[in-house]
Amino acid sequence: MIEDSPFVAAAPVLVPMPAERPYTYAVPAGMHVVPGSIVRVPLGPRQVAGIVWDGAVEKVDARKLRPIEQVFDCPPINRAMRRFVDWVAQYTLSPPGMVARMLLRAPEAFDPEPWIEGLQRTLIAPDRMTGARERVLETAEGGLAWTRSGLAHAAGVSSTVIDGLKAQGVFETVMIPPRPVVAAPDPGYAVPELMPDQSDAALMLRANVAAGVFNVALLDGVTGSGKTEVYFEAVAAALDQGKQVLILLPEIALTHAFLERFQQRFGAKPGEWHSDLPPRMRERVWRQVAEGGVRVVAGARSALFLPFKELGLIIVDEEHDPAYKQEDRVFYNARDMAVVRGHIGSFPVVLASATPSVESRVNAQQGRYSRAVLAARFAEAALPHLKAIDMRRAPPARGGFLSPVLLDHMRQTLERKEQSLLFLNRRGYAPLTLCRVCGHRFGCPVCSAWLVEHRFRGQLVCHHCGHNERRPEACPECGTLDHLVACGPGVERIAEEVVAHFPDARTIVLSSDLMGGVRRLRLELEAIANGEADIVIGTQLVAKGHNFPNMTLVGVVDADLGLANGDPRAAERTFQLLSQVTGRAGRTGKKSLGLLQTFQPDHPVMRAIVSGDAEAFYEREIAERERAALPPFGRLAGVIVSAVTRAEAEGHARGLRRAAPEASDLFVLGPAEAPLSLLGGRHRFRLLIQGEKRADMQGFIRAMLANGPKPRGSVRVQVDIDPQSFL
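Residues 1 to 727 (full-length UniProt numbering) make up the sequence shown, in order.
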């Protein structure tokens, strides 16, 4: 066992690789390490960063041990975070080293930030006074240290004026600590006036924070009800207690608008953490979170693995969102892991959504979570009136996809100088391109998926592996010219139809593959919010928390799209997505309308959305899940076996199936080809394991993997506990 002593001879170190356990390293004389110390160690021919871990060291001949090369001048990873890494590894059946890798993603942050050269006023007076020098001296009064450029900018002079004063001894060089990434938030900066139901919910959340123990609250409020203002009160309570706060957001594009709202409430922005952050800024945020300088972080799911010094509250906004599930290397759901982190750290967690997941609703019903309901929009703004358009009775014109009913309402909205939003969860121009003459379909060469036409770019693209190619003029199969036809609509094709009907309207297409990336997307969102567009056409990106003040009409082009994919969560996902997207309308109090184009107006999901009876939908969905013993009333896990050849993948999957242990509370389905049977050139077979809620799913899968064939050649095995996707 490692003690807090400089005389430790060996230490276990967890390295960021697929290691099932820490490796033992020698601790050189004079070196001091404790559990959590971040160190540099040799690993094969490389030097890597690792974390000194808990537990006993292996009994190895000391002469064979390689020494720790360096202990970084960095706050150690605390015990709660180390326990969290172990828990995530055990639950997800991932190597602990790969979980630790997510914690060590900012290697340049392990060393302290360098101090900055600055200037400070001395008692010496300049030999002569000018207007520029006088402004500099007035600015520098009070004895504060300034950077050269900062002082010049603040005084409105050139840097040569500063240099002249320094040369005369008026300023002396001092070293100043690195600037904070963000200013400290002030809990009392702009305390809002809340509506009565908001006040009740805020009081509950503040009480949870004040209790200082683990608890989970579900903040369940309709779109536009002011959930953000309510959970900001929990943030304020945690800051008052000297705690750090983590706010998880599902989409990077939301971050900018959220930062502005946070600054309006607390007088300063929170630290950001997401994949679009420049590397140097990521390192500074990581370091200042570890040192406690950054008090609030707003970030994507990976922010869960930041090494907070004194974390005291986690908020998961839009907790139902599928973007919280990571399906690469370590498969985890950030919402669920946030609850685990709160439990390990003994602090509260808040889950917020207008359409909570079935799992969260059941946990609230069973008393595991407390629940606050915001049933009305803020400032008594009305929810949009919702109607289904029966496409069997009001079909679009030949070659079109928009019903005359929807087009008529769009025309009226334009006449009122208000905005319309058309939602279709399909990127590109068309989901399939084929030849009219020979029937050739353009498929991805390395996936069992059709290529999607992107007419704006003139390309055919695979949305699964990223393969792309130019759209040809002639069919590659039969050589016929000008006989390629686009089948079905994507957002680009809907935009083409809109422009044909409304040529004078300002139209914007929003999609995650927008040219220009996140920066362009943020500019487009700001333009919409400022009223610089008349008609917006977008994918699910537009459903996520945006506030468009002049948006009064939302049209869902294909409301049935998510209902026919064989996913056990299909009804829930469709209900959430359509409820969220129609909730973009009328958020500032204007009379608004949501229209759903559907061929199934009597489907329970459509009835629940149109009637506004969310409770009836949840009641029915929860009852169906319970009957089928599906989560949260049962357990699911997926095992995906992939290989370069179909025979290898199938053979290995069948070997695992034969190795499954006998169990009365768990059973294995498959193997069967995955719906996406070929992905990135790899053939895929899936085993699905279903069982009772209290079944030892992890133990069952560990035994199956241990007793089954070992992956050889190109075979890879991925385990997904609590799968969200069934492709």
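Since the hints were made in silico from the structure, they are not lab data. Any given hint could be a false lead.
[To be verified] Listed next, the in silico DSS-like pairs over lysine-lysine satisfying Cα-Cα at most 30 Å (straight line):
id : residue 1 : residue 2
1  : Lys269    : Lys309
2  : Lys387    : Lys417
3  : Lys710    : Lys693
4  : Lys64     : Lys710
5  : Lys325    : Lys269
6  : Lys417    : Lys591
7  : Lys590    : Lys387
8  : Lys59     : Lys710
9  : Lys693    : Lys387
10 : Lys309    : Lys417
For each hint, the structure was consulted:
1. Lys269 <-> Lys309: Measuring from Cα to Cα gives roughly 19 Å; hence the hint holds.
2. Lys387 <-> Lys417: 22 Å, holds
3. Lys710 <-> Lys693: At roughly 29 Å apart (the allowed maximum being 30 Å), Lys693 and Lys710 satisfy the hint.
4. Lys64 <-> Lys710: Between Lys64 and Lys710 the Cα gap is close to 29 Å, so the pair holds against 30 Å.
5. Lys325 <-> Lys269: 26 Å, holds
6. Lys417 <-> Lys591: Satisfied, since the Cα-Cα distance of roughly 13 Å is no more than 30 Å.
7. Lys590 <-> Lys387: 17 Å, holds
8. Lys59 <-> Lys710: Roughly 27 Å separates the two Cα atoms, so the pair holds.
9. Lys693 <-> Lys387: Given pair Lys693, Lys387 is violated - Cα atoms ~39 Å apart, limit 30 Å.
10. Lys309 <-> Lys417: Roughly 51 Å separates the two Cα atoms, so the pair is violated.
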